[in-house]
Amino acid sequence: GENVEQHPSTLSVQEGDSAVIKCTYSDSASNYFPWYKQELGKRPQLIIDIRSNVGEKKDQRIAVTLNKTAKHFSLHITETQPEDSAVYFCAATRFKAAGNKLTFGGGTRVLVKP
Amino acid sequence: DVKVTQSSRYLVKRTGEKVFLECVQDMDHENMFWYRQDPGLGLRLIYFSYDVKMKEKGDIPEGYSVSREKKERFSLILESASTNQTSMYLCASSLFGPDPAEQYFGPGTRLTVT
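Taken in sequence, the protein lines are chains A and B.
The opening position of the first sequence corresponds to residue 342 in the numbering used here, with each subsequent residue numbered one higher.
The opening position of the second sequence corresponds to residue 56 in the numbering used here, with each subsequent residue numbered one higher.
These are calculated hints, taken from the structure and not from any lab test.
None of the values given here were measured: they were computed from a predicted structure.
Yeah, the Cβ is synthetic: ideal placement off N, Cα and C, and Gly gets one too.
It is possible that part of the hints are untrue.
[Stated by the list, open to error] As a list, the in silico DSS-like pairs of lysine-lysine whose alpha-carbon atoms are at most 27 Å apart:
| hint | chain 1 | residue 1 | chain 2 | residue 2 |
| --- | --- | --- | --- | --- |
| 1 | B | K58 | A | K409 |
| 2 | A | K399 | B | K68 |
| 3 | B | K108 | B | K126 |
| 4 | A | K409 | A | K454 |
| 5 | B | K110 | A | K442 |
| 6 | A | K378 | B | K73 |
| 7 | A | K398 | B | K68 |
| 8 | A | K437 | B | K73 |
| 9 | A | K383 | B | K68 |
| 10 | A | K437 | B | K112 |
| 11 | B | K126 | A | K399 |
| 12 | B | K110 | B | K73 |
| 13 | A | K412 | A | K383 |
| 14 | B | K108 | A | K378 |
[Said to hold, decoys possible] Pulled from the structure, derived: some chain B residues nowhere near chain A, Cβ distances all over 10 Å:
| hint | residue |
| --- | --- |
| 15 | S62 |
| 16 | S63 |
| 17 | K73 |
| 18 | F103 |
| 19 | D114 |
| 20 | E117 |
| 21 | S130 |
| 22 | T138 |
| 23 | S149 |
| 24 | E157 |
| 25 | G161 |
| 26 | G163 |
| 27 | V168 |
[Said to hold, decoys possible] To give a feel for the contact side, a few chain A residues facing chain B, derived at Cβ under 10 Å:
| hint | residue |
| --- | --- |
| 28 | V361 |
| 29 | T365 |
| 30 | S367 |
| 31 | A370 |
| 32 | Q379 |
| 33 | G382 |
| 34 | N394 |
| 35 | G396 |
| 36 | F430 |
| 37 | K442 |
| 38 | F445 |
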């Protein structure tokens, strides 16, 4: 089955700096890669996703890049703000309409220092 | 607005007890999932269901079973609770369709087995 590794496990950045989280996956057939954000005490929520036919996707201050050859994808947060402090999870799956099983990475705790 | 609710936020059970965790979603989603969340291990899929009375094992099904008698309700059952099942349990739901769909998570149940 799929295996997703995520690094780093913790990341501390100064407000205004950029943060980068990297994930690698094992199944070359995986074609959908979402990122979820979990604030302290809250439920995970989808913040951005990318499909295998796209190399990069941006949404305001966040972007995700995908390198299918190397089987890794990354989340980039620019101009970090205190509200970006959270745990971020990457995930991968070989999408099919029924039973879309996501395999998650271990999570990255991001702390943005004011 | 999607709403996924779980029967308890906190639960304390004794070793050997049978434990029921319930999840209800109000958005007519076909897919429902049960995860457990442990520090450093991310979200690990226990079971999922893509239709009433249909279920598939996830990555860590041992010691768990599930029931889906109605579309909106998905129950996780610990037949004989053990201390290594102490964890945060998250339920999620998503639409069935030709495109990848966001998984909407419940607030979680923190289960302690003593």
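Hints and how they fare:
1. K58(B) to K409(A): Not satisfied, since the Cα-Cα distance of roughly 35 Å exceeds 27 Å.
2. K399(A) to K68(B): With Cα atoms ~45 Å apart, K399(A) and K68(B) exceed 27 Å; violated.
3. K108(B) to K126(B): holds (9 Å)
4. K409(A) to K454(A): violated (33 Å)
5. K110(B) to K442(A): Since the Cα atoms of K110(B) and K442(A) sit roughly 12 Å apart, the hinted pair holds (cutoff 27 Å).
6. K378(A) to K73(B): Judged against 27 Å, a Cα distance of about 32 Å means the pair is violated.
7. K398(A) to K68(B): It is violated: about 45 Å lies between the C-alpha atoms, which goes past 27 Å.
8. K437(A) to K73(B): Violated - the C-alpha atoms of K73(B) and K437(A) are around 34 Å apart, more than 27 Å.
9. K383(A) to K68(B): holds (23 Å)
10. K437(A) to K112(B): Since the Cα atoms of K437(A) and K112(B) sit roughly 16 Å apart, the hinted pair holds (cutoff 27 Å).
11. K126(B) to K399(A): violated (35 Å)
12. K110(B) to K73(B): OK: K110(B) and K73(B) at ~20 Å, within 27 Å.
13. K412(A) to K383(A): violated (30 Å)
14. K108(B) to K378(A): violated (31 Å)
15. S62: Holds, since 15 Å exceeds 10 Å.
16. S63: holds (15 Å)
17. K73: Correct as stated: the minimum Cβ-Cβ distance to chain A is 26 Å, above 10 Å.
18. F103: For F103(B), whose nearest Cβ neighbour in chain A is about 6 Å away, the distance does not exceed 10 Å, so it is violated.
19. D114: Violated: least Cβ distance 7 Å, not greater than 10 Å.
20. E117: holds (15 Å)
21. S130: holds (18 Å)
22. T138: Check passes; 22 Å lies beyond 10 Å.
23. S149: Not fine: 7 Å to the nearest Cβ puts S149(B) too close to chain A.
24. E157: violated (4 Å)
25. G161: Violated: least Cβ distance 6 Å, not greater than 10 Å.
26. G163: violated (7 Å)
27. V168: holds (22 Å)
28. V361: violated (18 Å)
29. T365: Since the shortest Cβ distance to chain B is 14 Å, the answer is violated.
30. S367: violated (13 Å)
31. A370: violated (14 Å)
32. Q379: holds (9 Å)
33. G382: holds (9 Å)
34. N394: violated (12 Å)
35. G396: violated (17 Å)
36. F430: holds (6 Å)
37. K442: Interface hint status for K442(A): holds (6 Å vs cutoff 10 Å).
38. F445: Since chain B brings a Cβ to about 4 Å from F445(A), closer than 10 Å, the hint holds.
Of the hints listed earlier, those the structure fails to meet are numbers 1, 2, 4, 6, 7, 8, 11, 13, 14, 18, 19, 23, 24, 25, 26, 28, 29, 30, 31, 34 and 35, in rising order.
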